[in-house]
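**Q** Chain by chain, the residues:
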Amino acid sequence: MQKVYTKIDSIIGNVITVRAEGVKYGDLALVGDSYANIIKLDNDKVSLQVFAGGQGVSTTDPVRFLGKPMMVSFSDHLLGRVFNGAGVPRDNGPALTENMIPIGGPSVNPAKRVIPKKMIRTGIPMIDVFNTLVESQKLPIFSISGEPYNQLLARIALQAEVDVIVLGGMGLKYDDYLFFRDTLEKGGAMGHTVMFVHTAADPTVECTLVPDMALAVAERFALDGKRVLVLLTDMTNFADSMKETAITMEQVPANRGYPGDLYSCLASRYEKAVDFDGAGSLTILGVTTMPGDDVTHPVPDNTGYITEGQYYLKNGHIEPFGSLSRLKQNVNGDTRNDHRALMDGMIKLYSSYKESLEKKSMGFSMSAWDEKLLKYGELFETKLMDLAVNISLEDALDLGWKILAECFEPNETGLKTSLIEERWPKALS
Amino acid sequence: MEKIIGKVTGVNGNLVSVEVDGSIRKNEVGYVVVGDKKLKGEVIKLNNGIASMQIYEMTEGIKVGDDVEFTSELMSVELGPGLLSRVYDGLQNPLPELAEECGFFLERGTYLNPIPDKDWEFTPIVKVGDSVHPGDALGTVPEGLFKHDIMVPFGLKDSGWTVKSIAEKGTYNVRATIAVIADKNGNEKELSMVFSWPVKKAITCYKERLSPDETLVTKIRCIDTFLPIAKGGTFCTPGPFGAGKTVLQHMQAKNSDVDVVIVAACGERAGEVVEILKEFPELTDPRTGRSLMERTIIICNTSSMPVAAREASVYTAITMAEYYRQMGLSVMLLADSTSRWAQALREMSGRLEEIPGEEAFPAYLESLIAAFYERAGKVRLNDGRIASVTVGGTVSPAGGNFEEPVTQATLKVVGAFHGLSRERSDARKYPSIHPIDSWSKYKGVVDMDKVAVGRNILIHSSEINQMMKVVGEEGTSADDYVIYQKGEMLDAVYFQQNSFDDVDAACEPERQVHEYDILYDILTLKFKFEDKNDIRAFFNELRQKFLDWHGIVFGTDAYAAKEKEILDFYKAKAVN
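Protein sequences, first through last, are from chains A and B. The numbering of the first sequence is the working numbering, which starts it at 1 and goes up by one. The numbering of the second sequence is the working numbering, which starts it at 1 and goes up by one.
Just so you know, not all the hints are guaranteed correct.
Which stretches of chain A does chain B cover? Using the computed rule of at least three CB atoms under 8 Å from a CB of chain B, they are [stated by the list, open to error]:
{"no.": "1", "segment": "113-119"}
{"no.": "2", "segment": "245-256"}
{"no.": "3", "segment": "317-324"}
Within a straight-line C-alpha distance of at most 27 Å, the following computed DSS-like cross-link-like pairs (lysine-lysine) qualify [stated by the list, open to error]:
{"no.": "4", "chain 1": "B", "residue 1": "200", "chain 2": "B", "residue 2": "164"}
{"no.": "5", "chain 1": "A", "residue 1": "372", "chain 2": "B", "residue 2": "45"}
{"no.": "6", "chain 1": "A", "residue 1": "118", "chain 2": "A", "residue 2": "173"}
{"no.": "7", "chain 1": "A", "residue 1": "40", "chain 2": "B", "residue 2": "45"}
{"no.": "8", "chain 1": "B", "residue 1": "562", "chain 2": "A", "residue 2": "416"}
{"no.": "9", "chain 1": "B", "residue 1": "573", "chain 2": "B", "residue 2": "545"}
{"no.": "10", "chain 1": "A", "residue 1": "314", "chain 2": "A", "residue 2": "173"}
{"no.": "11", "chain 1": "B", "residue 1": "278", "chain 2": "A", "residue 2": "118"}
{"no.": "12", "chain 1": "B", "residue 1": "118", "chain 2": "A", "residue 2": "314"}
{"no.": "13", "chain 1": "B", "residue 1": "562", "chain 2": "B", "residue 2": "207"}
{"no.": "14", "chain 1": "B", "residue 1": "38", "chain 2": "B", "residue 2": "3"}
{"no.": "15", "chain 1": "A", "residue 1": "68", "chain 2": "A", "residue 2": "7"}
{"no.": "16", "chain 1": "B", "residue 1": "429", "chain 2": "A", "residue 2": "354"}
{"no.": "17", "chain 1": "B", "residue 1": "38", "chain 2": "A", "residue 2": "40"}
{"no.": "18", "chain 1": "B", "residue 1": "38", "chain 2": "A", "residue 2": "45"}
{"no.": "19", "chain 1": "B", "residue 1": "532", "chain 2": "A", "residue 2": "360"}
{"no.": "20", "chain 1": "A", "residue 1": "360", "chain 2": "A", "residue 2": "372"}
{"no.": "21", "chain 1": "B", "residue 1": "45", "chain 2": "A", "residue 2": "45"}
{"no.": "22", "chain 1": "B", "residue 1": "169", "chain 2": "B", "residue 2": "200"}
{"no.": "23", "chain 1": "B", "residue 1": "37", "chain 2": "A", "residue 2": "45"}
The set of hints was computed from the structure by calculation and includes no laboratory data. All values reported here derive from a predicted model rather than from experimental measurement. Even glycine gets a Cβ: it sits at the ideal position worked out from N, Cα and C.
For reference, chain A alone in the conformation it holds in the complex (with noise of 0.2 Å):
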């Protein structure tokens, strides 16, 4: 039997409170024609978040508690569709109710993990040659405002080689939602694809539902077997809904009026990413927009702390330094014999022309030395840090070779003489 409690003691920004027995914490509940789950209960005062928002509630609104946790239905029909953080289908086709399971459910079991070893291609030169993605990663996208992080995303999901990528979009500008849902079905990669889409205008509690919604459903397609790749673009937005949760609930701030959970909250999220020992994986890539630039900022310093390096997005392209994939040693031995030496080399002479660049910025003469580092530091990047590239990573070490081969004498390079005899271009030494 459902009770139905029609006296509404408080609503507080998204908060409401009613007196009620016998309902469990966590259970969802239908606050007129919204759903709210239930954050604290006090005797027998109940406390909700709505997650259509506080506006509008009247005291009087009928409170039906379901008696179960928010959870989200799973099967294959998921593939292709969009929904929103509260998993109501947002593309106009029928709501999905069969095989429902829990979000946010129990962690894995460290003994069941295995050391991640497997690579994912993405044709992007700066992560495949660079800072490789491996499955199982968690890897956060830091960038300001304004940079492409979201074409970045978009040109990743339609290039990695992953049997389902599933998509959570929190904050996201409509115009943004718009243009993933196309450029997908362009690229033809919608067929499977999941996208759990909260907008900017959106009601804040669903954003933080969102990545709830998108892990759920991930990890479940991993225990089949199945190699998931989950974008997540903004997480700042993320914790801001949260952010703004915590304070109406009056909990105490802890940095930059983020609440005291703000790491726990992130990592329960982040670690989700797993290499099963006998089924799929799931990895993680996700979006930070650090406010102001500034990496010591509660968000992507917590994040830093959390995830297995970053990729920093500056000026259109991954920066190469500063961006790390920390597990790219687990794979970048196996896939050809100069891949991490050329990586190593080719990044020591760009980290040498942007020195150069300085010095002639501040007036000095240049040697002929720096002549070359300055044509190879255009070379490489218009060729290979360009976003638009899209290369296999073998062609992307052959040119490599070319590049320093149209810019350098071999001894210049500082790699090994094995490796050049068998791996620069003839025609051109």
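With chain A held as given, fit chain B onto it using these hints.
**A** Just chain B now, with coordinates in the frame of chain A:
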């Protein structure tokens, strides 16, 4: 005894309020009954008949009116043979066994026996009629490399216990009775090989604490020579993300000269624990030739596991460390990271609506951190043996800023500070311990006076480097330029160490003394140079020779040959 039962009156995150009728203790353990599951929790506050409990599991599904069973025992761990080489969560649940039981996920409310049900070859030490005290060995069982002492439980009142019976040499189950002891009033107590101990209480069954005066060799050059740690001492490693804290700790766990290593992965990435889990069994301990895992215990409460158990995990780890210290062993505890533990305290403090201190951390943070590190120490046991617990904790300061409360509270109580720097890790200078900002109060493997000279050159060199950024190389005198190059060289060939090179990864203390002597000679010698290009070329070549030398096994002919090459090279340039 009748069980005390309470009723849930409120739930807020992992904080559950319980109405209790009857006597309960602060910090006692209770279980919230949710359907067929029992969720473990600890009483952290009592007020007006309402007990506030932190629940070590996810609290979804608890409702007002649910039963809570109290155990009248404090949060404890089980101690006994079979702890070594095992992997536990923060509440001493064995994870591999849990995986067999529950599959891929950590199902809440499942608690398994931490001590494996196994038979051990017991050899008695005491005889019937002997008088024994808490912490005295009754007998031993062989556990891996060690003789594991089976001891009189530490928690017994010290009131003249005598042995009434003791098992004969033979094989017994770990939970079988192996001895009966009686106090002077004739109250008898049956003892097995296992007993429990409350984790938040230090084990003090030793004669006296000694000062930590013996260097703990880690085979990491910059630590052993410049920033040493001591057996029974404490040290902390703060650093921003990506500075290599965890890699450094893994190096310490692999190479340190101790009997037992306990790794407490507290609120960090699960992937890093997996690396230890899968790598350590494959690696051999150079001291014993056996698998590294045989001397290791892993306690892991990774960042996505319930927060409250994170706090318990560091205490679980240090209690096990103290237990093995009671057997005369030297134990090292590596906690990664204590900031996560402090954050767990902060979350709980916020839910209890306590008045926040700096950055919302609770006011008692400092005293808790101090009390934790104070559990380290070198001791003389009751039978005269010397044993030690060394504690090293990483700190993850917000924004990499060492001014924050957790770093500052830790710095007050540790004996060595290894501050990691982002600048150095960005420049790929590993280990990225900052050579000038870091300090240690302990004695190292190399003569202290010589070390002081090296340190001075480093400081001087870094000052000159700063100056050179303004006035350029041209504006720097040749003498200063030589000092700058000497400092750079000391940094490059001594502070930096390649942990991926098989030979360079572990540098024995004898080798450190030997190589530092040669470096010291170079640092203090006067050389004759033409110009700055000459200076740079000389030091570049010398550095290259040193780096090659690091890749050669100590004491071999090739090593001696390279050494001669280096000596010939620099002595040719020296001015007498």
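**Q** So, for every hint listed, does it hold in this structure?
**A** For each hint, the structure was consulted:
1. 113-119: Check passed, 4 qualifying residues.
2. 245-256: holds (count 5)
3. 317-324: Check passed, 3 qualifying residues.
4. 200(B) x 164(B): 32 Å, violated
5. 372(A) x 45(B): 70 Å, violated
6. 118(A) x 173(A): Since the Cα atoms of residue 118(A) and residue 173(A) sit roughly 34 Å apart, the hinted pair is violated (cutoff 27 Å).
7. 40(A) x 45(B): Holds. Residue 40(A) to residue 45(B) sits at ~19 Å (cutoff 27 Å).
8. 562(B) x 416(A): 22 Å, holds
9. 573(B) x 545(B): At roughly 15 Å apart (the allowed maximum being 27 Å), residue 545(B) and residue 573(B) satisfy the hint.
10. 314(A) x 173(A): 21 Å, holds
11. 278(B) x 118(A): Status holds; Cα separation ~16 Å.
12. 118(B) x 314(A): 58 Å, violated
13. 562(B) x 207(B): 50 Å, violated
14. 38(B) x 3(B): Given that 27 Å is the threshold and the Cα spacing comes to 15 Å, the pair holds.
15. 68(A) x 7(A): Roughly 22 Å between the alpha carbons, so the hint for residue 68(A) and residue 7(A) holds.
16. 429(B) x 354(A): Distance of about 19 Å is within 27 Å: holds.
17. 38(B) x 40(A): Holds: residue 38(B) and residue 40(A) sit about 20 Å apart, inside 27 Å.
18. 38(B) x 45(A): 24 Å, holds
19. 532(B) x 360(A): 23 Å, holds
20. 360(A) x 372(A): 13 Å, holds
21. 45(B) x 45(A): 21 Å, holds
22. 169(B) x 200(B): Distance ~35 Å between residue 169(B) and residue 200(B) Cα, so the pair is violated.
23. 37(B) x 45(A): 25 Å, holds
Taken one by one, the earlier hints fail for this structure at numbers 4, 5, 6, 12, 13 and 22, listed in ascending order.
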